[in-house]
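Visitor: Below are the chains, spelled out letter by letter.
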Amino acid sequence: MILDPILDMFRGKAVTIPPLDGAFRPNTRLDDAPALVGLTEPDNLLVADGRLLASSGNAVYSIAAGAEPKVVETFPSPITALALSPSGELTVSIESGKLLISGKEVSLPADVSCITALAYAEDGTLWLANGSAQHAPSQWAADLMKKGASGSLWRRDAASGDFRKVAGDIAFPYGLHPIGGDVLVSESWRHQLVRFDGATGNRSTVLTHLPGYPARLSPSADGGAWLALFAPRNRLIEFVLQETHYRRDMIDQVPPAYWIAPSLASSRSFLEPLQCGGIRTMGIHKPWSPSRSYGLVVKLDQNIQPQFSLHSRANGTRHGICSVAEKDGRLFIASRGGNCVLAVDTGGF
Amino acid sequence: MSFRERLQSWRYNLVPDHLVGEILTKRWTDNAIPFLALVATLATFGSIIPGFFKLTALQESTRQLGEFSMVVTGMTVVMLGGGIDLSVGSIFALSCFSAVYVFFILEQSIWLALAASLATGLVFGAVNGYLVGYLRLRAFLTTLVTFIFGRALFDILVTTYAADVQLSQATSDVLDFIGDSTFWGLSVSVWLAIILAIVTHIALTRSRPGWHVLAVGGSRRSAHNAGIRVRRTVFMTYVFSGFCASIGGFLIACRLSGAGPGTGLNLEIMALTAAVVGGVSLGGGRGSVIKGLMGAIIVLTMTNGLIRLGYGTGTNQMVLGIMLAVAVTIDIRWLKNRHKVLNEVYVAPVYLKMGETQSAVPGSGTPYALDNRLSAADHIGLGELEGPEDVILDRDDHLYCGTRHGEIVRFFAPDYVKSEVFAHIGGFPLGLAFDKAGNLISCVGAMGLYSVSPDREVKRLSAETSRSWTSIVDDARLRDPNDCDIAPDGRIYFTDSTKRYDAHDWALDSIENRATGRLLVYDPRDGSTKTLLDGYRYTNGVCMAHDGKSLFFAESWACRVHRYWLEGPKAGTAECVIRDMPGYPDNINRASDGNYWMAWLGMRTPSLDLSLRHPDMRKRMTRRLPQDEWLFPNINTGGVVKFTEKGGIVEAMGDLSGGAHPMVTSMREHKGFLFVGGILNNRIGRYKIEGADPNWTSPASYWGAKP
Chain A
1 MILDPILDMF
11 RGKAVTIPPL
21 DGAFRPNTRL
31 DDAPALVGLT
41 EPDNLLVADG
51 RLLASSGNAV
61 YSIAAGAEPK
71 VVETFPSPIT
81 ALALSPSGEL
91 TVSIESGKLL
101 ISGKEVSLPA
111 DVSCITALAY
121 AEDGTLWLAN
131 GSAQHAPSQW
141 AADLMKKGAS
151 GSLWRRDAAS
161 GDFRKVAGDI
171 AFPYGLHPIG
181 GDVLVSESWR
191 HQLVRFDGAT
201 GNRSTVLTHL
211 PGYPARLSPS
221 ADGGAWLALF
231 APRNRLIEFV
241 LQETHYRRDM
251 IDQVPPAYWI
261 APSLASSRSF
271 LEPLQCGGIR
281 TMGIHKPWSP
291 SRSYGLVVKL
301 DQNIQPQFSL
311 HSRANGTRHG
321 ICSVAEKDGR
331 LFIASRGGNC
341 VLAVDTGGF
Chain B
1 MSFRERLQSW
11 RYNLVPDHLV
21 GEILTKRWTD
31 NAIPFLALVA
41 TLATFGSIIP
51 GFFKLTALQE
61 STRQLGEFSM
71 VVTGMTVVML
81 GGGIDLSVGS
91 IFALSCFSAV
101 YVFFILEQSI
111 WLALAASLAT
121 GLVFGAVNGY
131 LVGYLRLRAF
141 LTTLVTFIFG
151 RALFDILVTT
161 YAADVQLSQA
171 TSDVLDFIGD
181 STFWGLSVSV
191 WLAIILAIVT
201 HIALTRSRPG
211 WHVLAVGGSR
221 RSAHNAGIRV
231 RRTVFMTYVF
241 SGFCASIGGF
251 LIACRLSGAG
261 PGTGLNLEIM
271 ALTAAVVGGV
281 SLGGGRGSVI
291 KGLMGAIIVL
301 TMTNGLIRLG
311 YGTGTNQMVL
321 GIMLAVAVTI
331 DIRWLKNRHK
341 VLNEVYVAPV
351 YLKMGETQSA
361 VPGSGTPYAL
371 DNRLSAADHI
381 GLGELEGPED
391 VILDRDDHLY
401 CGTRHGEIVR
411 FFAPDYVKSE
421 VFAHIGGFPL
431 GLAFDKAGNL
441 ISCVGAMGLY
451 SVSPDREVKR
461 LSAETSRSWT
471 SIVDDARLRD
481 PNDCDIAPDG
491 RIYFTDSTKR
501 YDAHDWALDS
511 IENRATGRLL
521 VYDPRDGSTK
531 TLLDGYRYTN
541 GVCMAHDGKS
551 LFFAESWACR
561 VHRYWLEGPK
571 AGTAECVIRD
581 MPGYPDNINR
591 ASDGNYWMAW
601 LGMRTPSLDL
611 SLRHPDMRKR
621 MTRRLPQDEW
631 LFPNINTGGV
641 VKFTEKGGIV
651 EAMGDLSGGA
661 HPMVTSMREH
671 KGFLFVGGIL
681 NNRIGRYKIE
691 GADPNWTSPA
701 SYWGAKP
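First to last, the sequence lines map onto chains A and B. When the letters of the first sequence are read in order and numbered with our numbering, they come out as residues 1 to 349. When the letters of the second sequence are read in order and numbered with our numbering, they come out as residues 1 to 707.
Extracted from the complex, chain A is given alone in its bound form (with noise of 0.2 Å):
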């Protein structure tokens, strides 16, 4: 109606998010999937030498079917990305903002503090995704409750090894997609996907409005990508981000771990939030019921436009998954609230 408008200043709008529909519709095939290995909050996954690398607190692992992780390298505080340069030298960020290739440490420009993903393009060039300039990468949850917009995104030239900022103001860019000269970001905190020229640091949008907080990129074999999604969008969530004095009051007295905010796992503890739909019924957890974690991983076309998705649904576990790899026609997943590494066929899709 004409009068909505006005309307809407007395009655609240309503909030709303993107349903899950189209290539998003749901399934229960993350939870399907058997487990690879069981491994304690699996970050990043890495394909290196044909084996498969996977981050997890201070170390990286080495996965194979069948056979407990092996440690692989460890580090003084927790990996935050991983990365393997074209001429195979293993490049890992750390908490502490520190950067290492080949356990060589890189000198950083000072407002590099939050290397949450790394990727080199084919001619060497390393792109570095700074998440925040005022939080460190495991803080993410406040930088979004304070609705954060500091992140950056860096190139370091191949040649010289010189650091350059290409772009700031992002939102928590939380995956790259290197594409020629050019480079996709997942701009998390805005729930899309972003291009930004190489040479200039000109953005573009190029897909908006996901049902999920975007997290990292990684190549498929047939020239598109895949996007993991570490959490849903939930319209608890986005009403708090919209409530001043809560939200204030609630980073000031509540605990991290039990903030209406999203998550990696969630319905561990009895002091986190619960929503009216998220409530056992009769024995049941309705898998469409909202949520603060979710396991989505959506497969992008040469257009980066969404195929097909992934899911671990409210009642299911294999939430908080942040990373995926593709590897000789299986596609490795690292589910971080269900602290699990899965690899599925994508023949089958």
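These aren't lab readings, by the way, just hints derived from the structure by calculation. Misleading hints may appear alongside valid ones.
[Stated by the list, open to error] No more than 27 Å apart at the CA atoms, straight line, and that leaves these computed lysine-lysine pairs for DSS-like:
| no. | chain 1 | residue 1 | chain 2 | residue 2 |
| --- | --- | --- | --- | --- |
| 1 | A | K13 | B | K688 |
| 2 | B | K418 | A | K13 |
| 3 | A | K146 | B | K619 |
| 4 | B | K619 | A | K13 |
| 5 | A | K146 | B | K353 |
| 6 | B | K688 | B | K418 |
Dock chain B against the given chain A, drawing on the hints supplied.
Guide: Coordinates of chain B only, in the frame set by chain A:
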């Protein structure tokens, strides 16, 4: 406390926001808009036209009003039946002519003229009714045809006989009396209109045919399915409308002593506007005679006022058209959106700062620390049961519980595999207790306090208490009777948790957190129910102390347990024995070791506790988010807590995995086992209590050994 927080607490605890929602639930709010329109119209014209309220002016206006309101009453009845009658104007005119013709030209008695007038109206009404009701033609088109036909006939007759009427010498005292005199200050037409309105109102609201009309208008198909003779009912509404129009016609014949081309012109539009402006729904089924009358006064005041201000017929018609359009829009929008408005404004949260609590986290070292013991409980009735809020065992060890289907189910000892429906009550049976004679007393959600005798006879004990003076909604009704217990003298003490929400919406009360819970007592000797305490945040479980001199009751959303004294120096007063628990208490029952068991239906969360200090945030949440997304207390984890008579906590146990007993609303100790129920669960748990007296039973504890 910050200044802003203090301001919030004043704003939300002192301003009674909840009254808006309560007023909106009233049916009479439908009358509010037409009533305001009426007052506004009278005030406007009364102030700009000098002498508008003078007696002589009013006399003429009311005479006109009498005739008009009769037509509107007829129209109202047709519209309530789901139809529309556009032919009232022409029936009015023809009836007027019939009376004039019989009296002035045939020079018959005035009573014969009245008969002719009525016959004309009834015949035309019957034609309409037959075509619309029995042949099921469209009401709009059919009455439009009758209108055109009747109007044409009237025009021919009036031009043919106008001169004869003028020359007639016929006079009658009765006619003069009806047309000009007054009776107790009011003209005959007004008296007749009042009588007709009263009779019609009573018929519509208090008689079978009237209900049938409303039912047919509300839903034709449902009315048919209910066995109402829809066609005859529709037929009768048109006949009634014709009858009303014909009396109006007769009255104007008396008043004007003749009939002219202007008689009854545009009357159908005025009558329709009056009915709709008054709030009679075009869709049928909603409205009343009073609304029609209000509309009639508005329309007549408006048209007469405009004429006296010097505006012509064109302006008048335009104003009528605009009024009709506005009224129809409001009618439709209101009808469509009323429940939405009600939903948006009903939840009116208040400010509450919960006290600091001890942790219940496993391993925290406090007496409240929950563990996983209850997940080891055996299950009874898994998959067969839905919603055993309370459980109880009789002297023969049989197990009873309520279900959300309104039944009381009995599981047979010793293995509790076989079950039967012990009794069907309806509602949602919640708290249970056995009295001395072995009757099962139950608080039935949304219904009241009920008793089921051992031979399964269901009897209502109480469904209401006395109403408080300041309530808008009827708080005499028991909305959410929750738990009961019986004193040694047979009096039944029970709680009614909230006045604001129905039993199935109990969790919504936690969002609002308004203190409306009550403790009541039912006295079986005289059948009376009295309110003992009022103003608690969701009163829940009740348990008689072991000595029978006091009782414990739980205040769920405040996380407190109170003790109410029946005897002794503190008789009639309550004191808080446990405060600031980390969980929301539900039912309380006796334990074999002289202590008490208390169920926790859920756990406090820091985020919800904080939101209780932000009532504005909760208010916006209820308006901007669908209910499934609202922040709730964590009722996916509950537990069982044992406490002493002094309020000390002995132990706490839970099911942290949430697999078997996520929410616990009741527990009952019996022969060394604890039977656990949950209002949202699909099973009853049976848990072996270590070190409990294997012979102790609740019936024996209350009423002594088996007689």
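Visitor: Is the hinted pair K688 of chain B and K418 of chain B satisfied, with a Cα-Cα distance of at most 27 Å?
Guide: Holds - the C-alpha atoms of K418 of chain B and K688 of chain B are around 21 Å apart, at most 27 Å.
Visitor: Given the proposed pairing of K146 of chain A with K353 of chain B, does the C-alpha separation stay at or below 27 Å?
Guide: It holds: about 25 Å lies between the C-alpha atoms, which stays within 27 Å.
Visitor: Checking one constraint from the list: CA of K418 of chain B to CA of K13 of chain A, max 27 Å. Satisfied?
Guide: violated (53 Å)
Visitor: So if I understand the rule, the pair passes when the alpha-carbon distance is 27 Å or less; does K13 of chain A with K688 of chain B pass?
Guide: violated (53 Å)
Visitor: K146 of chain A and K619 of chain B: Cα distance at most 27 Å?
Guide: holds (22 Å)
Visitor: Would the hint linking K619 of chain B and K13 of chain A be met if the CA-CA limit is 27 Å?
Guide: holds (13 Å)
When held up to the earlier numbered hints, the structure conflicts with 1 and 2 and fits the remainder.
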